[in-house]
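Please put together the full structure from these sequences, using the hints given.
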Amino acid sequence: MKEPTTLVVAGLAILAGGTYALRLSGQLLRARITFPPRAAKLLEAAAVILLAALVATTALTEGHGFSGFARPAGVLVAGVLAWRKAPFLVVVLAAAAVTALLRVLGVS
Amino acid sequence: MRSIWRTLDRRGLADIGLTCLAVFFIGLSYGAIAVASGFPLWVPAVLSVLVLAGASEFLFVGIVAAGGSPIAAALAGLLVNSRHLPYGLALPPGVTGRRWGRLLGTHVMNDESVVFALAQPDPPAKRAAYWACGLGVLACWPGGAMLGALIGSVVHDTSAFGLDAMFPAVILALIVKDLRDARMRRAALAGAAIALAATPFLPAGLPVLLALTAVVLTP
Numbered sequence: 001m002k003e004p005t006t007l008v009v010a011g012l013a014i015l016a017g018g019t020y021a022l023r024l025s026g027q028l029l030r031a032r033i034t035f036p037p038r039a040a041k042l043l044e045a046a047a048v049i050l051l052a053a054l055v056a057t058t059a060l061t062e063g064h065g066f067s068g069f070a071r072p073a074g075v076l077v078a079g080v081l082a083w084r085k086a087p088f089l090v091v092v093l094a095a096a097a098v099t100a101l102l103r104v105l106g107v108s
Numbered sequence: 001m002r003s004i005w006r007t008l009d010r011r012g013l014a015d016i017g018l019t020c021l022a023v024f025f026i027g028l029s030y031g032a033i034a035v036a037s038g039f040p041l042w043v044p045a046v047l048s049v050l051v052l053a054g055a056s057e058f059l060f061v062g063i064v065a066a067g068g069s070p071i072a073a074a075l076a077g078l079l080v081n082s083r084h085l086p087y088g089l090a091l092p093p094g095v096t097g098r099r100w101g102r103l104l105g106t107h108v109m110n111d112e113s114v115v116f117a118l119a120q121p122d123p124p125a126k127r128a129a130y131w132a133c134g135l136g137v138l139a140c141w142p143g144g145a146m147l148g149a150l151i152g153s154v155v156h157d158t159s160a161f162g163l164d165a166m167f168p169a170v171i172l173a174l175i176v177k178d179l180r181d182a183r184m185r186r187a188a189l190a191g192a193a194i195a196l197a198a199t200p201f202l203p204a205g206l207p208v209l210l211a212l213t214a215v216v217l218t219p
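Line by line, the protein sequences are chains A and B.
Residue numbers are given in the working numbering: position 78 of the first sequence equals residue 78, and the series is strictly consecutive.
Residue numbers are given in the working numbering: position 64 of the second sequence equals residue 64, and the series is strictly consecutive.
What the hints contain is simulated information worked out from the structure, not anything from laboratory work.
The structure presented is a predicted model; accordingly, all values stated were derived computationally and were not measured.
Heads up, a few of these hints could be off.
[To be verified] Listed below are the simulated BS3-like cross-link pairs for lysine-lysine, each with C-alpha atoms no more than 30 Å apart in a straight line:
hint: 1; chain 1: A; residue 1: 85; chain 2: B; residue 2: 177
hint: 2; chain 1: A; residue 1: 85; chain 2: A; residue 2: 41
hint: 3; chain 1: A; residue 1: 41; chain 2: B; residue 2: 177
This is how it looks when you write it as structure tokens:
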């Protein structure tokens, strides 16, 4: 860790405090405004899109570049298993196993 | 707590248990990765308890380890966690608890607890699923992170075990139900493509937010 400890603690406090505020504000807003079902659907869609983008970037990229083939291959296998309704733990362990196996075989 | 066991059936509890077990394993990889990238053990430990949102913690640790400012890393983490605002809007009133219980109930709001709550048919079941999963994650995520940090200080090459593939796999498994809807799938794929295209040019965390523009593709 190259950064000074005080700065890391400050970042940590901002992230923890801000995250709590985000968790609370949605609930408080809901109590005050009546929410049309269409808007609720849109918000749900927004959450799925954010998560899908998170899957794509964490599976395929490392920093600003390509992560290599082993990780996205593992995630792809997991995706196929999840689509076919395999148990959650099987899906997650398959991702790790495929990626690890590819790396053993020399695929980065 | 007792009402949780009464309200949820055995199948529902098993799913939540497996999810928490998976969270524990991802926590293991997170703690190990954090220590392997040069953080002292307390950083993943404190983050996992106080933030309790895996994706943003991975992002925070990743940006700071790459030499980024911790403040910028925190803001990027908050952007990723901005999805908790729509989560709070989506949950029916009372699910997160009332009065003092709500202080903790708010903290245990995460991808998993919200998904399980929304999948239940009625308010009591939603509340039971939310709390069972939320408290399970509150135990398993920091527990896994701390054990992982301990292991990480001993084992160094965590990528050899493919642990980095577990996090995207978990999120994918959580949203696969929504992706069965063709229009939702199209919007999600567009969002993913936007985020990937932006990754070489934008600071970490922003591409994922830019993906939100794909929301115009949903009906």
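Going down the list of hints, with the structure as the test:
Note on residue 85(A) and residue 177(B): the hinted pairing holds, with a Cα-Cα distance of about 9 Å set against a maximum of 30 Å. Our distance criterion of 30 Å between C-alpha atoms is met by residue 85(A) and residue 41(A), whose separation comes to about 24 Å. The suggested pairing of residue 41(A) with residue 177(B) holds, with an alpha-carbon distance near 15 Å, which does not exceed 30 Å.
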